[in-house]
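Participant: Same order as they appear, the protein sequences are chains A and B.
For the first sequence, full-length UniProt numbering gives the first residue as 1, with consecutive numbering after it.
For the second sequence, full-length UniProt numbering gives the first residue as 1, with consecutive numbering after it.
Please keep in mind that the hints were generated in silico from the structure rather than gathered at the bench.
Even for Gly, the Cβ is constructed at its ideal location relative to N, Cα and C.
With a straight-line Cα cutoff of 20 Å, these simulated EDC-like cross-link-like pairs (lysine to aspartate or glutamate) come out:
1) K80(A) to D312(B)
2) K91(A) to E311(B)
3) K417(A) to D201(B)
4) K91(A) to D312(B)
5) K80(A) to E311(B)
6) K80(A) to D286(B)
7) K96(A) to E117(A)
8) K80(A) to E105(A)
9) K266(A) to E190(B)
10) K85(A) to E311(B)
11) K318(A) to E45(A)
12) K196(A) to D248(A)
13) K85(A) to D312(B)
14) K266(A) to D194(B)
15) K266(A) to D286(B)
16) K85(A) to D286(B)
17) K111(B) to E420(A)
18) K417(A) to D112(B)
Covered stretches of chain A, going by a simulated chain B footprint (3 or more residues, C-beta under 8 Å):
19) 108-119
20) 412-425
Now for the letters of each chain:
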Amino acid sequence: MHQIRRSTRLLASAAVASLVLATSACGSGDDPTKSAEQKKLDDGEALTITTFGEFGYDALIEEWNAAHPDVQVKQTKVGKWDTWKADLQTKLQANKGLPDVVAVEGDFMPALVAAPERWVDLSSDDLAGRWLDFKTEAATTADGALVGYATDAGPEAICYRADLFEKAGLPTDRAEVAALLGTWDDFFATGEKFKKAVPEANWYDASGSVAQAMLNQVEFPFEQADNTVDVSSPELRQVFDTVAEHVDLGSRAAQWSADWTASFTKAGVATVACPGWMRANIKSNQGDPAPDGVQWDIADVFPGGGGNWGGSYLAVPKSSTHQDDAQQFASWLTAPEQQAKVFAVTGNFPSQVEALADPSVLAATDPYFNDAPAGEIFSNRAAAITVQPYHGPLYSDILQKFQDAINRVDQGTDPDKSWETFLSDVAALQ
Amino acid sequence: MTQQVPDSRAGEVTATSPASGSPTPAGRPHRTEPSASDDAARRRLLRRQRRSRWDLKLSPYLYVSPFFILFALVGLFPLLYTGFLAVHDWNRAYYVRGDFVGLDNFVWVLKDPVFRTSLVNTFSIFLMSSVPQVLLAVSIAGLLDTRLRGRTFWRMSVLLPFVVAPAAAVLIFGSLFADQSGVVNGFLRELGLDGIRWHVDRWWSHLAIAGMVNWRWTGYNALIFLAAMQAVPRDLYEAAALDGAGRVRQFLSITLPLIRPTMVFVIVTSTIGGLQVFTEPRLFDDTPSREGGADHQFMTTTLYVYVKGIEDQFYGRASAAAWILFLIIVAIAVLNFTLTRLLTRRSA
Numbered sequence: 001m002h003q004i005r006r007s008t009r010l011l012a013s014a015a016v017a018s019l020v021l022a023t024s025a026c027g028s029g030d031d032p033t034k035s036a037e038q039k040k041l042d043d044g045e046a047l048t049i050t051t052f053g054e055f056g057y058d059a060l061i062e063e064w065n066a067a068h069p070d071v072q073v074k075q076t077k078v079g080k081w082d083t084w085k086a087d088l089q090t091k092l093q094a095n096k097g098l099p100d101v102v103a104v105e106g107d108f109m110p111a112l113v114a115a116p117e118r119w120v121d122l123s124s125d126d127l128a129g130r131w132l133d134f135k136t137e138a139a140t141t142a143d144g145a146l147v148g149y150a151t152d153a154g155p156e157a158i159c160y161r162a163d164l165f166e167k168a169g170l171p172t173d174r175a176e177v178a179a180l181l182g183t184w185d186d187f188f189a190t191g192e193k194f195k196k197a198v199p200e201a202n203w204y205d206a207s208g209s210v211a212q213a214m215l216n217q218v219e220f221p222f223e224q225a226d227n228t229v230d231v232s233s234p235e236l237r238q239v240f241d242t243v244a245e246h247v248d249l250g251s252r253a254a255q256w257s258a259d260w261t262a263s264f265t266k267a268g269v270a271t272v273a274c275p276g277w278m279r280a281n282i283k284s285n286q287g288d289p290a291p292d293g294v295q296w297d298i299a300d301v302f303p304g305g306g307g308n309w310g311g312s313y314l315a316v317p318k319s320s321t322h323q324d325d326a327q328q329f330a331s332w333l334t335a336p337e338q339q340a341k342v343f344a345v346t347g348n349f350p351s352q353v354e355a356l357a358d359p360s361v362l363a364a365t366d367p368y369f370n371d372a373p374a375g376e377i378f379s380n381r382a383a384a385i386t387v388q389p390y391h392g393p394l395y396s397d398i399l400q401k402f403q404d405a406i407n408r409v410d411q412g413t414d415p416d417k418s419w420e421t422f423l424s425d426v427a428a429l430q
Numbered sequence: 001m002t003q004q005v006p007d008s009r010a011g012e013v014t015a016t017s018p019a020s021g022s023p024t025p026a027g028r029p030h031r032t033e034p035s036a037s038d039d040a041a042r043r044r045l046l047r048r049q050r051r052s053r054w055d056l057k058l059s060p061y062l063y064v065s066p067f068f069i070l071f072a073l074v075g076l077f078p079l080l081y082t083g084f085l086a087v088h089d090w091n092r093a094y095y096v097r098g099d100f101v102g103l104d105n106f107v108w109v110l111k112d113p114v115f116r117t118s119l120v121n122t123f124s125i126f127l128m129s130s131v132p133q134v135l136l137a138v139s140i141a142g143l144l145d146t147r148l149r150g151r152t153f154w155r156m157s158v159l160l161p162f163v164v165a166p167a168a169a170v171l172i173f174g175s176l177f178a179d180q181s182g183v184v185n186g187f188l189r190e191l192g193l194d195g196i197r198w199h200v201d202r203w204w205s206h207l208a209i210a211g212m213v214n215w216r217w218t219g220y221n222a223l224i225f226l227a228a229m230q231a232v233p234r235d236l237y238e239a240a241a242l243d244g245a246g247r248v249r250q251f252l253s254i255t256l257p258l259i260r261p262t263m264v265f266v267i268v269t270s271t272i273g274g275l276q277v278f279t280e281p282r283l284f285d286d287t288p289s290r291e292g293g294a295d296h297q298f299m300t301t302t303l304y305v306y307v308k309g310i311e312d313q314f315y316g317r318a319s320a321a322a323w324i325l326f327l328i329i330v331a332i333a334v335l336n337f338t339l340t341r342l343l344t345r346r347s348a
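Using the sequences and the accompanying hints, generate a full structural model.
Facilitator: If you want it as structure tokens, here you go:
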């Protein structure tokens, strides 16, 4: 009996010891900054790409596979960016299991730029001028390395409900609406007028969405060019105060929440800050086909000039064993011709200069939005973008806290108090 | 899969046992026996005896070993590694461990107002869920223990919520408790009352979340109680009834004291579970941040750990918070255990 007990104790301590050993061994994985050994694709082996949401690549990949029997490509689709982001971070941490080509949401690019040694430099002379400048800049490191190829962009227009405008005695014609909403002051003033005439409906969908739209015109929203966090700029505070002052114009629900979705059909939403991809959300929130009497339209205008919201990138991690093939494939996918085809399928607006002038893009109309010339409108909106906000590595984290701060005001918290909480939330991120 | 582990191990041990194990004294004289076939038979017997002795000694350990091996891999190892990470910095850009920083992470977490908010939320949700849950479960079990028509049906139906995946349950409750478009608020407005801001007001949100937890776990606990109650000898009730004790009196004086061990078990497990509520608050917040409300009004501590680690990529701080939570849970489980024992012993 005694002997057994001693041996159990021995066994237990041996187990703990081996665990501790394993623990310390686990800390030192492969060096993620070192490039993997390059190999040729074996027979039956395929280049891998992971995308999220709908990139519209199915037909393109078939086309590529037919033309490149040696470099077959296999796509993995993940439902949502948030899901893929969590998975991607786990894989980056383990430095294992990453695909050869990784699709990344635009807001996440600063994280790639902050860790350039992990990613293959994709820059090449013949790609100069392919993308809108701000798209390339957001993927370029201080040393001039390009860590991602831009896929789509999110130039913003205003989507509006013509039937609600009419009810409020406002003009309903696209051009007249565009003339009405040239500045943010105009936008809010028209909103006050609208709300007086149609008090039961909301002027815009969510305070957070307007805040995001205004933020997309601030040059240094949260961080300075050297990546130091700075949330004390008067521009930022002004965005916050303006939105906080007008919470009654919106639904008071957080964007993407259940109440936000419901507000489209219940109270009704008159305007939405509208990048190309937002049309799909409006359709699904409002119902497609639209209920009787509901008529959406797109105005070729954005308050305060242009603004970009969203758009993704393709990147190649250094753990890829087929980096050249991966780069070629990503380059082909993001070429203007291919992205113009994507636009036709999904409505994701291209970020390539040439694609913006592509006849098939320019001629596109959207029947759900009263046959608005969507291609032409979004091309104009892309050309109107003058300021691209600087996104440092903490951008998306701070943005989330900023959205929380706006949301608190929606819920009735005093704006000054909510701002204080925002400041302490941001401090906790450093 | 797990069954193969002890088998192969057992084979290994028996193969090497003659070398390490002491030869039986009884075996020796037989070697001088003339008949070779006899000798072989005896040796076989001997081997079998040895094997069966080893079997007796080792097998129990091997049978329980799958659990402990698994526990070491997914329980003990993460626990220790978390402790290791908690005293290190974390490089967010490259996802690697940084320098040793001592207790800095613990200090940071304890000073973080959000962490303190999360602790208060955790305890509030825990009290709103575990206490009514155990009381309700005991009463339901008491009712199910009587002669009901269609007993199996009733017993099955209390377990039904447990079978529903928590994520699905939250979706249902989410649309019930939506602030503007929810069914519950619609009903309240029908009655002429104001709607309750389930996602905004701190204590109401806790109540909604505790409701989901209770809905899921009450039936499960009731079944455990029921199993214990069925083991109570029936003649005790008959004797009590002869003495003129009513049903309530029987329940309090016979049933409760006799299911004490089960009581302790359920209270301890529901304490541990109640302090680790995660899915419900995570999904109850239907904004994209999913951090337990804009003001963290219903962020629990496990959610805090997840957000700090997986989302914000501060593994050191998240690990420190996890360890603090671990210590709190251990302390409370021990306290609960002693209290329950004391209380039920007195009534026994």
